[in-house]
Amino acid sequence: DQQVKQNSPSLSVQEGRISILNCDYTNSMFDYFLWYKKYPAEGPTFLISISSIKDKNEDGRFTVFLNKSAKHLSLHIVPSQPGDSAVYFCAASEGGSEKLVFGKGTKLTVNP
Amino acid sequence: DGGITQSPKYLFRKEGQNVTLSCEQNLNHDAMYWYRQDPGQGLRLIYYSQIVNDFQKGDIAEGYSVSREKKESFPLTVTSAQKNPTAFYLCASSIEGWGRYGNQPQHFGDGTRLSIL
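First to last, the protein sequences are chains L and G. When you line the first sequence up against the numbering used here, it's residues 726 to 837, in that order. When you line the second sequence up against the numbering used here, it's residues 430 to 546, in that order.
Think of the hints as simulated: they come from the structure by calculation, not from any bench. Be aware that one or more of the hints could be misleading.
[Stated by the list, open to error] With beta-carbon atoms standing in for the labels, derived distance ranges: (1) G:445 - L:784: 46 to 52 Å; (2) L:778 - G:441: 44 to 50 Å; (3) L:766 - G:444: 43 to 49 Å; (4) L:752 - G:470: 45 to 51 Å; (5) G:443 - L:783: 27 to 33 Å.
Where is the CB? At the ideal position from N, CA and C, for every residue including glycine.
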């Protein structure tokens, strides 16, 4: 049973526009959420995280929003750049657990 | 520079052989992890270790073994019991494993791609 779901396998946006990547989760015990960016044949790179006590966290062009009642989080990238083209993974953990549960990823393509 | 080093980047194994993947970190992190990624899939946890000489099974530990004799090293052995070993293997570490500093992200190496000949 998939506890973290990224329902869009791919997303294409124009350079300079907003990219919105979505993630849903089913485990109400999750309290820490992360986004990773991954290029082919490389390891994931940590982008941004959010604790369940917050509903928004911002870092430069990246903002993560958390809606606990809907069990939904999203990553906004503004403005999108061609270098942002990669696979983005959403991950979650519960109660200080070491175990991160990952979604299957969304491939973002930013067109010049 | 501090980081996580996985070697080799590509590895080939014959049927019935065990093979060991190396993971070294110089970040002074307490916790280390091994994940497996298959095409079109997310990362699945194989094993993790919060401290030297201790490790725990993840979600897909069957056919794998690990050791943690040194803080900076966490090698993964893919045994002949692993029926479908072809995958991309990722090692990660985090500052510590008990949440004393609050939630901390895991940081990843660049992976080892294992293929069966």
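(request) If any of the earlier hints don't hold here, list their numbers in rising order. (result) 3, 4, 5
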